[in-house]
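Asks: Given two chains presented individually in distinct reference frames, assemble the corresponding complex, making use of the accompanying hints.
In the order they appear, the protein sequences are chains A and B.
Each residue of the first sequence is one higher than the one before, starting from 1 at the first, in my numbering.
Each residue of the second sequence is one higher than the one before, starting from 1001 at the first, in my numbering.
Because the hints were derived from the structure by calculation, they are not lab data.
The hints are all genuine.
Within a straight-line C-alpha distance of at most 20 Å, the following computed EDC-like cross-link-like pairs (lysine to aspartate or glutamate) qualify:
no.	chain 1	residue 1	chain 2	residue 2
1	B	K1037	A	D158
2	A	K106	B	E1092
3	A	K68	A	D44
4	B	K1037	A	D46
5	B	K1021	A	E109
Residues from chain B that keep clear of chain A, each with C-beta distances beyond 12 Å, as calculated:
no.	residue
6	T1074
7	S1075
8	D1159
9	E1326
10	K1360
11	I1379
12	R1381
13	E1390
14	S1410
Per the computed footprint, the stretches of chain B lying under chain A, defined by three or more beta-carbons under 8 Å from a beta-carbon of chain A, are:
no.	segment
15	1017-1023
16	1027-1041
Quantities reported herein were computed from a predicted structural model and do not represent experimental measurements.
All residues carry an ideal CB built from backbone N, CA and C; glycine is no exception.
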Amino acid sequence: MIDPSDKEAEALFIALDTLDQISRPDPDLPRKIGFNELYAYANDPDHSPASDLIAALSTSLDLRRDLKRLLDKQALAHLPRVAAASSGEVTEREGDGFTLRLKPSKAQEDQVYLLIQALDRDDSPRLLFVEDEDATLHRLVIDDFLEGEAQILLNLQDGILKALRNVKSSVILR
Amino acid sequence: MNVRIYIATTEGPVEVQRITKEDPDVRSVVCVNGTAKALPISRDYDAFVKEPTGVIQRSFGHPAYRMDVSAPITSGNSWQLGAFVAHAFHAEDRLAGPEDNVDNALWLTGELDRDLNVRPVDHIKDKLIASRDLFTKMREDDVRLFCFIPGGPGLVPEDEFLEELTIDGDLLRLESIVDMHRIVRRFDLNDPYPIEEEEDTEDDDDLDEEGVIDLYKQQDTDAAPIKDHSLLKALLLAGAIIAMLVGLYLQFEDNIRALRANGLQLGISELRAHPDTGCNAPEKLPLVRDGNSFPSSALDGLCALEITLNNRGTPTYMWAFAQRIEDGHFLLADRESLVEPKRQKGLIGWRIVLPKRLNKSIDYRLVALASNAPLGDAINRMLRRSLSEEKPDWQTLKAQLEEEDITVLSALHSLEK
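Okay, chain B solo, but in the shape it has when bound (with noise of 0.2 Å):
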């Protein structure tokens, strides 16, 4: 299925109606709607696909194009993630014109260098607004609409922004990205920078049909779990003395939802291979999150990835499981915690153990619960529910567990090849 690419503007999103190989003696134009009135960004388009210069015919072989657009694009340099993506589709026929049906919709903004890397831009929020009836257009069409955005301090809005733009991570969904490379993967397009793969003839054992790892299998080899014992003990202490003065009630304090709020943190970091040592003794990368995503992980390089909780509040039982996007299956559900409940505070994490080969990018989301009883029942009633269904659907699920009165905290995450 072929997909559809919007550049965001302030003036709202301009859709990428065509692209067509022109005389390599012409100049590269962009027009709008097929007419013969070329764009003022004509100029900067030719000098961003002609090489030197250009990174167009770099990638995808030609030097000469024209660009259909739906409506004008006045200025800037904002526009080049969006034409970029939308030759990297164009390259492989699978670029939708107007008249076609998509399931995927593409809404980006960015400057590229030379090297892909996403530059920062100005005026997101502005664009976003200026697009929200596209945003409610795709969400009564049923069109999963990605949109990217340079990362960046200060570049991702606030959650309660995209929450009223009901940027939800499922349908409708915001990512910021530091390169090109991430989009080329997720929507399995021919790299332009192609990397040399590492030959591997092991089995790989974690690998499901599609090539996918299923997190949910545990391994004899896997790490164990990581309790930070040294942290947690410290703020066990400290937690002791604050204890001490004012009183111990909120240990059982009835509304925990809102002590979670604010106190439960949800983390992940990269544990990537050392130049030294490799995944021996690996080097910790925390991922800051974006909104209501952490960065994604490309798995070249990548030994584990270590999911962490941080519970800042008071003590309370709590588990953490992962749910991947594509089909609703349950990543991840390290069941110790349940089989053996308890109350627990401070940061606590656990290790997950990557394979060597994967043939398949992850889009999953993960989940933290925090409650102020055990959560082994309602995880079980959770797991019975989704059971039956072919496709868990997660507003459905977060639903019922907050109707037990358990706090859920989610993110998404994305694991490269």
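Same shape as in the complex, but just chain A (with noise of 0.2 Å):
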């Protein structure tokens, strides 16, 4: 079910979308990013974002900004940066009901299990972010997360795994 204040807000998104694409004065001008788009990027995990958002995200610090609010306004839960431990790498978060563990795979050493476990919510999130230090928005979509618990395998070369073992980033559940 949508909550009142996300259709609130996907209202305004779109009509703010409308307006850009109105205003928009030069058709052959790199095209901007509507907030349609963005608030698709951050809350559907259906949406496949176009090259040019992927892009624009990694360039304008202003459109990460706005995702940022965006994921900040809207968000399940906030795992915030580890303060217990300041070197080193992360493999457990926990903050708002929710634990993010980091487990290595036996079987192929070039892997690591993502698990995400609601402890006392009843939510169901579909995506994770994680900002890095530098602010840069790395999303991964969960698409299996049943009875309370989610299971993801990630390479070890993947951008989110390396930004969810830094800690200096901070999750975002949505």
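Replies: As structure tokens, then:
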């Protein structure tokens, strides 16, 4: 079920997106990312982001801030930076009723299990965002959250895994 | 030598490449070719592994595994039999990897319940058709492939279909099973449900050096061949009446092979110990033929086997024998009807009394012969030719018999420890 505040936000972003499109001065210029598209990226696990959205997120600090505000507003849970250790790699995070754990695969040394577990909540997160220390946001679809938990295999070279292991990153579940 | 496992799907056979124990904190997963993408069946696989619902942990003692396969398995539960068997071989470090050379491979489809009974599944013929290329490859590589499917009405494809796929019971064999024990016994796997063996210290002269019963050897204690005279008489009487009406020329029909193809039926019955009378008055349990084989017979509680030939056509000369698959050795050759040949019809049976203890399962081919002429000379020629061969080839034997206008019927059966 969609929360009323979500509906209001969605309506607002659609309106802003329409305004963006109408007011775009020159069709030959790079397409400006609309709020509607940003909203889908932040909320819809089935949304496949266009390449120019990804490119814009990597180059536009304003767009990343917009996305961060959107996520902060609609997050199911924030798992803040790990305070206990100032160095080394993070293997476990906890916050707002969820835990994240990283377990290396014994079968494939270049792969790691990400375990997401709801401790005392009924919510089912469908997206995970990791904000790196340089404000880069990594996105991961959680397509198998059932009975309070999900398990996702990640490759060692995945950017999101490096971000999850970074003590200076924070996590948002949506 | 390790054994390769294929899980049958309608998209083609899927090889189990590797099974690895994982950290008990993670859920079991199924992945393709070592990639990080878990297949959608992973949740079901985890439930199949982990107790209390799963059977893998109960049988092999670990709660989390990763199974890598060669191609996606999208849905259903028919992968369970193949997955369990793969775990059984993995537990003994006998599961072949993609680069291993193998002599034997298993192709399986079936769902397993908590008691390791094999439940029926759909699309068996589609899965067989989708594996045609694998069958060809196995034959080219001289790898013996055992196809295991659930037993039950309508599940075993018809003979013509199997012949088209070159499932001949030798290099490529199809068997229907009702539980896991048959596979466990056949491939000498550790039984996931250990059965307490009865202590029996009696000498057993029926066992050969390998602990295999030699059914060829006639024993003084063997029961005499069963002759079901009442049925025979009844059929003879009926036959005589019919003969009066249609004439006796059929008895002299030159091409008796055509008649035999429809009129001769091969059968096996288990004679199992009765709860009260034991093997003195055993219970008779006919086996229902599945395609080109009969369901295997567990030796536990088995007193004897009764091999039957039912000739529903004109009286003819008949004989039956068995040939062990492993080495081509002739297992059964009651020669009474060869020494004193006579035309017979109706139901004729031979009882084979089994020794009390066997150490190894036996796969054998049961063969029935029918001819318009006494069979003794042809059999002698067959035996003489076979003596000069290390392992008599069944197809060659069959072709030579048929060249002598002998109708040849055969089926596969196993005695399993």
